[in-house]
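Asks: Spelled out from the first residue to the last, the chains are:
Protein chains: 4
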Amino acid sequence: MTRLEHKKILITQSDDYMGPAIADLFHAEAARVTARPGLVPFGPDFPNYVEDLQDFDVVIANLAHDPCNGPIETLADDHWKKLFDTMVHPLMALVRHFAPRMADQGHGKIIAITSAAPLKGLPGSAAYCAARGAQNAFIKAVGLEFAAKNVQINAIAQNYVSNPVYYPDELVQSERFQKHLARNVPVRRVARPEEQAEFALFLASDNSDFFVGQIFPFSGGWAINA
Amino acid sequence: MTRLEHKKILITQSDDYMGPAIADLFHAEAARVTARPGLVPFGPDFPNYVEDLQDFDVVIANLAHDPCNGPIETLADDHWKKLFDTMVHPLMALVRHFAPRMADQGHGKIIAITSAAPLKGLPGSAAYCAARGAQNAFIKAVGLEFAAKNVQINAIAQNYVSNPVYYPDELVQSERFQKHLARNVPVRRVARPEEQAEFALFLASDNSDFFVGQIFPFSGGWAINA
Amino acid sequence: MTRLEHKKILITQSDDYMGPAIADLFHAEAARVTARPGLVPFGPDFPNYVEDLQDFDVVIANLAHDPCNGPIETLADDHWKKLFDTMVHPLMALVRHFAPRMADQGHGKIIAITSAAPLKGLPGSAAYCAARGAQNAFIKAVGLEFAAKNVQINAIAQNYVSNPVYYPDELVQSERFQKHLARNVPVRRVARPEEQAEFALFLASDNSDFFVGQIFPFSGGWAINA
Amino acid sequence: MTRLEHKKILITQSDDYMGPAIADLFHAEAARVTARPGLVPFGPDFPNYVEDLQDFDVVIANLAHDPCNGPIETLADDHWKKLFDTMVHPLMALVRHFAPRMADQGHGKIIAITSAAPLKGLPGSAAYCAARGAQNAFIKAVGLEFAAKNVQINAIAQNYVSNPVYYPDELVQSERFQKHLARNVPVRRVARPEEQAEFALFLASDNSDFFVGQIFPFSGGWAINA
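Chains as they are written, first to last, in my numbering: chain A, 443 to 668; chain B, 443 to 668; chain C, 443 to 668; chain D, 443 to 668.
A portion of the hints provided could be inaccurate.
Given that identical chains are not distinguished, each listed pair holds provided it fits within a single copy or across any two copies.
Below, computed lysine-lysine pairings styled on DSSO-like, alpha-carbon distance capped at 30 angstroms [to be verified]:
id, residue 1, residue 2
1, K523, K591
2, K524, K591
3, K621, K591
4, K450, K591
5, K449, K591
These are calculated hints, taken from the structure and not from any lab test.
For reference, chain A alone in the conformation it holds in the complex (with noise of 0.2 angstroms):
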């Protein structure tokens, strides 16, 4: 039997970071996928992009932005509100509409697909982790705020995963990001996206009941903490 059969899964910004993999793995197990391309809006925007949207069993909340990386003094106001915009107020208004269906409806689930890169702290990039944080306390919240109601809400913080938006091929393959892999990473590569995705099934699946609000590393042993 495929692992997801029946199960109608929405990806967000399906095109960007983790989406492909994901869309490409949960389709080949059968769930009944609605890849929506482009940013999640926020505010007045929001409830057209829902509107036409069904209710799901699962909610990938796949949300990325350019990590606006540098040392704090050169970071422009403008590039700190995007990460806000784009990652954080959307992952709000997601949940916020969503989960009170799957409570509804009696059982659902939500992934979000953020950063590992707060639980670590990582210097010249300390938008990116805010942002990446601000992620991460939300769904550890809203987590538990939904634990009684057979909704499962999780995160999964990775980082050296191979995606076009943050670890493309060309980067990963230079000299300096291998050595900085050996230095960095104790497994020393990044993982292919479709090992993501299988993490990702895996949360989405029946059999990931018992986690709730959790905060999953998934970087290698880089950041271990959540």
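Use these hints to put chains B, C and D onto chain A, whose structure you have.
Replies: Okay, now just chains B, C and D, sitting in the frame of chain A:
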């Protein structure tokens, strides 16, 4: 000898949260305190805010807002954004402004007064957890970023400390709250504001130079992991 | 296809704790399970214990003992030592024996079944917290030590999972315990042993290669930080 | 006024690790220090150890042993056990003896000097991580157990602090170690023992009553999560 003699110290939003208690103790210890009441602005108004401010040895980034508690489905966009506008974005602006100046002068400390709520995950306070979680993650990253420049940036992640914003006396003395304390807070009491100020003083003193990027839970045993 | 086909898997103390549930599921998934009942010895008896054991793809280091609960002033030296003798020292011996063999054969996984108690700190169970905390800290360190050798060592730090040692059915069904659950465990139930076994299966499978040195809380939201 | 006037303070293994630095500072601050050199015994010898000791306001549980570093496959059973015999079991005995007496007298503090190694996971130091991890987990649990009795039990989980056991001057001054520092420790230096003693003094003072069961990383930004 007094413990903060000659130290130039800025306290933001000095009329709220831990501002009054910290200002009182720091004055008594002979610090040269600049207590600046009111919200710290973000964006085009920030330069005005700091325009007549000199350089400081220590900045107490004391930022607070009503936590906008309630089930996530009742949370208004405006309330959510307000938490970020008052607590998260101004913290970035303060650090971006002061930390490089402290690096230039060869020393300095920034102490953010944040919350333990995101460490634990507080159902019904997801917005507050998200905003305070953003602060904690930001402090961790910039704390590491400035570590080698003799600038120490840390946070006091508190809860159950007597203060006019979150724990006014009336609330604390109610029978219901006392029961809540007995059940949830290992030390079974709220901290006096002076106790918190003493820890802030320790972090503001020269004795804390080996701490950087750290989020100190201060919550009577309620949250003990950071 | 079955999910563990051909995998040679050792389960220690297989008659206790999570041994039976994991053995059942792994058998059903076509693993070649060696279920070894009884305590794992330490010291001069350990070589006998492993003498007739082959090499394995996966070792489930399932070690359990009565938690010796009670106020610390009533704790007997013998009980304290017994927890270390049955759970901590044998875990080291198992890892010291099998991990280098796994490194030699080019792959392998060790999954320790530990506890979430030390993540949270459990008054009245300080001895148990100490012993399980030693296990978790050990797994974190050896997990990093073997990370680059394609050997993945992780722990499931569980609580509130139905099992004969800590949560027998009789206890779980009592009114008093149900009230305790409602107050302390966000999902308000204990996990079925099969749920735990499914997570152990995920970690035993080839899909978990990017996780090393990680302590996974598995406790229905009771402890969510590791 | 001196900061520890009239306080009766026991320092164990006072000739090693942080004992000398803490004793010096505490003496200077007018504490009535009982500095007891040598290993703390466990088992039948423990009653002799404490027999002529009075009650104390503060106990500094300073326990150290050579870390027995090396790959796990080379670790001898004896070395492994020695770490537990000298650091873990005596810590339990000290807390079991003193904490209830402190509860009876209505106040008291125990400060364990442990290590940050288990917070991070240190390959090549798995035995040391296990033993120090047991200590940290134990302190967390008994810290919560005595929280309501006005007895505060906490740990300083340090690394990279100058001391004769782990960081003798010769090692610290070597070129190799200085390179290691630059790469691994955000503040790029080891702490002077007096800096650590100042934090121990803060925890020993009446100003720290709101901290219980807490494991304070003290490592120049090397480990910042507890």
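Asks: Next, verify each hint and record whether it holds.
Replies: Do the hints match the structure? See the list:
no.	hint	result
1	K523 with K591	between (33 angstroms within a copy, 27 angstroms between copies)
2	K524 with K591	between (33 angstroms within a copy, 29 angstroms between copies)
3	K621 with K591	between (47 angstroms within a copy, 17 angstroms between copies)
4	K450 with K591	within (19 angstroms within a copy, 39 angstroms between copies)
5	K449 with K591	within (19 angstroms within a copy, 37 angstroms between copies)
Comparing the model with each earlier hint shows no violations; every hint is respected.
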